[in-house]
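Protein chains in written order, with numbering that gives the first Met the number 0: chain A, 0 to 434; chain B, 0 to 337.
There may be inaccurate statements among the hints.
Claimed, not checked - So the derived label-pair ranges between C-beta atoms look like this:
1. Q326/B / A329/A: 41 to 47 Å
2. E133/B / R18/A: 24 to 30 Å
3. I295/A / Y142/B: 50 to 56 Å
4. D48/B / L400/A: 37 to 43 Å
Claimed, not checked - Each computed DSS-like pair below joins lysine-lysine, with the alpha-carbon atoms no more than 25 Å apart:
5. K17/A / K155/B
6. K8/A / K139/B
7. K134/B / K8/A
8. K2/A / K139/B
9. K216/A / K115/B
Rather than coming from a laboratory, the hints here were simulated on the basis of the structure.
Every residue, glycine too, gets a C-beta built ideally from N, C-alpha and C.
These are the residues of each chain, in order.
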Amino acid sequence: MNKIWLIIKREFTTRVRKRSFLVVTLLVPLFFAAMIVIPILIATNSKDEKRIAVIDESHLFLNRFPDNKGVYYKYLENISVDTFRHTYKEYGYSGLLYIPRLDINRPSGITYYSDAQPGIATESRLNRHVNDLIEEERMKQANIDVEKVHAFKSDINIDFQTGEEGKKGNSAVAYGVGYASGFIIYIILMFFGMSVMRGVMEEKVSRIAEVMISSVKPFQLMMGKIIGIAGVGLLQFLIWVVLIIGVQLLLPLFFSADSISSLQEGGMQSAGNAAAIEAMEKISFVLGSINWTVIITCFIFYFLGGYLFYSALFAAVGSLVNEDPSDAQALTFPITLPIIIGIMVMISAVQNPTSSLAVWGSIIPFTSPMVMMARLPYGVPGTVPYWQLGLSISLLILGFLATTWLAGKIYRTGILMYGKKITWKEAIRWIGRKS
Amino acid sequence: MPKAKAIFLSSFPAPLLISCAFFIYIYSMNLIEVKNLRKDYATHKAVDDISFVIPQGSIFGLLGPNGAGKTTLLRMITGIFYPDQGEILFKGRPFDSHTDIHAIGYMPEERGLYKKMKVGEQALYLAQLKGLKEKEAREKIKYWFDKFEINSWWNKKVEELSKGMQQKVQFISTIMHNPDLLILDEPFSGLDPINSNLIKQEIFDLSRNGTTIIFSTHRMEQVEEICDRIILVNKGQKILDGEVKQIKQDFKQHVFRIGLGQQPNFAQVATHHFQIIKQQGADLTVKLADGSNTNDILKHFIGYNIPVTSFHEILPSINEVFIQQVQQTEPALQPATI
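If we strip away everything but chain A, and leave its shape as in the complex, we get (with noise of 0.2 Å):
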């Protein structure tokens, strides 16, 4: 045991202590920030005035567009557009919208004129106040109370409750955390998993295997590494947490509450600010609706059980690699396919959580950990019943268990083989072999 802990230290100290992992735990909430922090950016800088020249031919809007949040519309009369369309940025307007005469019944020819894309919001504004004022002016025509119409609207979510207790569920929010767990344990076992395989290579290749097991027997080596690099896996997930949480909470000192409010604007668009904080209410609200400690109680189980069950296979293929790292390559192919299905049945699993792929997907260890994350934000035991939960767990255990003891048995054989190429066939041959 004593042994089996100075292994573990060593692979643990050695890659935590390289350039590497410093840049890449780093970098990592780095980009996230980034994810966050750039679009206040944009938000902010943008905040700056959006001068609209309007020439309006058709003399039906005259005047009716709402200036809103830094947008101003200017109606300009006898200009012509074909002129005018090359110089309004010496004037100072970032675009030019040219409404040409119009059949109200059949409007074509309106056209926004800009050097920079509109953006997606600008874009969708300006076709919503076109189409609103056309929808308007042929109600007109047809005689239409527009006030009546308007009183007429409806704007009703359906309530949707999953679950016996009748807790309220979001379909969009489940999917999200859903696919984004399940993405990020298929990383995980990539990741790590082939950094087993490495480091592997690496003690064999450089024959310090040899003289490691006159020492330990080749099973604690196998698994030091192993609970090593777990060790470091683990550590980068806290670090990344801590900072996560830290820059989230630095965050509203860097940048002013009106900046994120006008952020938060963006995406309510014309909503009055009312409507902005019922539905980042409703948000809070939604994300309330999943259960935080059993998705991160299971992330934690399915994100270790994931890594033992697999790492072990790929430290069979390291034991197995001779001189020649290409030989890596097909021999890793058996144990990134089923990891590879396992994405494919994941992807379908978070949009159809209860078909009989998702079900046996989330059961069977060789995709369980990526499957089941992508189930259980839908709700335990709604979505994923307990018995489903229980058997994943149990066969995943019993899975690693199985690749561990299969793997050592591989590994114990292959790291002492030189100089001749080994086919899967053999090391299976191998597994039969007693001790």
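Dock chain B against the given chain A, drawing on the hints supplied.
Just chain B, lined up with the frame of chain A:
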């Protein structure tokens, strides 16, 4: 008289007697006894019914051409492989891989160190894996690093060292836990003559201090210089084993070199007692005939009144024995590497 005898006996304290007997027992016992060892691989028999003993404190040579089964044999002795059949006794009892592994230092032919690790940390790590406490390990490493004058390497990465320098580090990591059994597979390959000599002296020192050494090689001149006993294996089978001196005796061809005071003429060497193999002036190399002895040769020259200035037997080198024995077991093939 009987009374005096009793006093004499009782004056010997019993504990001393017992401990003396114990030491005699320890030093006369075999550190390793290998009995009918077998190991089969999928395609061939790697070790086929090999038995031998390694006495405590000896330097034991394991010889054989490439692919003879030496490495497999060593891996079984170190507990890395389990034999298919037979047993290995270590200090008189079956090898226990949990405790006895610390009593072994193994330097494999294919050497390796973690390239990115610092020399000092690496030595410390390997020493701790051999069961030393950290403090103890540091002291030992310091002792050996001082002795080999490599203290300045502590913070260097292994990949920055030359092959010979790495070899020294490897040798130190093999011996720093004071193993009872030291297994060296081709310890001199890649070393310059100065470092070779340094390691050789270290091997002799360790042997004097009671370490048993298994020395696997195909460099025969080193075998004669270093080993007390050898075993020769080929194709998984033992061809011969025994003391180096005894083997040379066993394989002697009864060849003698004779220095004479004057060059003998043709008639003076015509005899049924010996046959001339080589003649260089007054120096003869002769083979003794069956049924004759050395005195017959001397009498022959004395009879002609030719003075004999020197006379000694030429024993075969281990190299000659090796080639002869390997070729006998596989006449169609040349020994792979010698």
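Would you pick out the hints that fail for this structure and give their numbers low to high?
No hint contradicted; all consistent.
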